Amino acid sequence: MRVFSHYPTKSAAEVNANSYHHIVVGGGTAGCVLASRLSEDPKQMVLLIERGPVVDSWISQVPLISSNFQDQRAPVYKWQSAPMRGIGGKSLSLAAGKALGGTTKVNGLIYSRSAPGEYNAWKDAGRKKWSWQDVEPFFKKSEHSLSHSQAIGRGTQGVILCSDKSTNMFQANSLGSWVNQNVQTEQFDIVQKNIDMTTRFNIPRVSMANDSSSPNVACTPQDATIYSNGHRCSTEVAFLPKTLVSNRKNLSICTGAIVTALDIRQGEDGHLRAVGVCFSPDSGHLDHKYSAFAIREVILCAGAIVSPQLLLLSGIGPREHLEQVQIPVLKNLPGVGQCLQDHISVPLLYKVPLKDAVEGVLLGSPLRAATEFLKYAIFGKGLLSQQVQQFNITLPSALLDEQSRIPSDTPETQLDAQDPQNIPDIEVMFLPVNPTNRTFQGLGRSFGIFSYLCTVLRPQSHGSLRLSSSNPRDRPRCDLGMFNDNVDRLPLRKALKLALALAQEVRKTGYPLEDLSIPEDTTDERLDEFSNQNVMSTFHYSSSCRMDTEENLGVVDDELRVHGVAGLRIADASIFPRVPACHIQAPVVMVAERCAAFIHANTVST
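In this note's numbering, the protein residues as written are 7 to 612.
Check before you lean on any hint, since a few could be wrong.
[Said to hold, decoys possible] In silico lysine-lysine, DSSO-like type, Cα no more than 30 angstroms apart, as pairs:
id, residue 1, residue 2
1, Lys248, Lys84
2, Lys84, Lys295
3, Lys147, Lys135
4, Lys357, Lys381
5, Lys147, Lys295
6, Lys146, Lys255
7, Lys357, Lys295
The set of hints was computed from the structure by calculation and includes no laboratory data. Predicted, not measured: the structure shown is a model, and the values here were computed from it.
The task is simple: from the sequences and hints, build the whole structure.
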């Protein structure tokens, strides 16, 4: 991993004791967006503090390779979750980005907004200015759609470039055709086979993802944040390119610094206010203490793990827990860390011919691998220029019958994606790769792996986040709470049955699909047993600082202000009322855009 030093950053010592109008903590998915937007006003001095380095290696730009955060060289934090009672005390592997750009440096690149009903449900729950009508303009503001620039509801002026990579995958019975010469679809025949099978289950092929007018049942090509030259579009590249940062003298970016606590003080009126942050060089000793001061606000954008951790380290959180770890209580806020969620995923694994899987192409054929590397290095095209997941199925599991089909007489009212009652609660991802950390003898030499990653999009289960110590370098205790509520097993069973049925239909075509890791049968007992053994994190951590009233375990209000602490907001995945029914990159960017608008409005009014 090559770390470039010429990107215009400042050291912890250089920003020490300085004052800024706004301090953004965390230069990840949301933080890069927010720092860029706030610094558009040259009168506003903005400091962005990020623990990780600036990473701009060649590999970090290659979509397919950079998504492999199991690689020891990947810029990620890795740790184990707390044991979870819902899966028999097992711990799961967790990961998060460790670089400017955060998890957008290593994620699956999927750009997904969720169904409009998602945000209408927020409105119905009392969240003002968060309906689909309210949030859609903020999705559009960031987006520059390469594949659907003429479509209503898609952005064309933003800096996040997204397109689908589905060249001609919908040749028959489709709503449109797609042109993107970066992809040779014959590489993965198994994906096309599955797409062809979906109509046998009355699952329509919808040609454009993120179409608010589409039904809530669909097999869809996935939009991905990839530039037309085949490079990964991470948020620091999109929102904080080197030239922009160099030209904005009012923006300071400090990397390699760990924020250890918020500087919160009590005024003469007895009210709390965030007036700055305390930090240290990440590579140095915590005794090297620095500080920066906020004239207006501090905004936490450190993600659903670190944002609540920083609140707790600063004395904001459940009184009982803070007293246990001997941190003075400044504000008893029970919701901090209380409702941590993640999507629940269970993979079904099958052996496929080498030519139909990523490992097979890159490991099984040196000549083919060399060709793909040259194709990408010279033209920015080919297999390496794509994301792993190009298609998925999403739908409300309640609509599936006993044969895993959508009944042909399903009322249109149940297919309306605008209705909060119709939000899809399961996803089946088509992945021509092994998504687990398990090893298989012969993988990449004699066979490849195709996976159906079966995911519960709207889990009722939630866990909690608690400090493991008062040391900010220690990862907090993260209990994702998977299957704490057994009701989540119902949609997961349906997702697994649908995937197994798809595999059976693919086999009927004569395709050589061989079982590798699947349940013994489709009884509830065996499906649940298999799920407990194979469940994995989807790495979509959220809702640990929920937007809700304090009485309902909320941490921030409808304008993302922390309850009871002036001058402090949170803008990242932690504020979601519940984990959105999608890959969460796009909603996180939307939240950052909303936060910037709230702050701008407040700045103008004062």
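Status of each hint after checking the structure:
| no. | hint | in the structure |
| --- | --- | --- |
| 1 | Lys248 to Lys84 | holds, 28 angstroms |
| 2 | Lys84 to Lys295 | holds, 26 angstroms |
| 3 | Lys147 to Lys135 | holds, 16 angstroms |
| 4 | Lys357 to Lys381 | holds, 27 angstroms |
| 5 | Lys147 to Lys295 | violated, 38 angstroms |
| 6 | Lys146 to Lys255 | holds, 28 angstroms |
| 7 | Lys357 to Lys295 | violated, 54 angstroms |
Consistency with the previously given hints fails for numbers 5, 7, ordered from lowest to highest.
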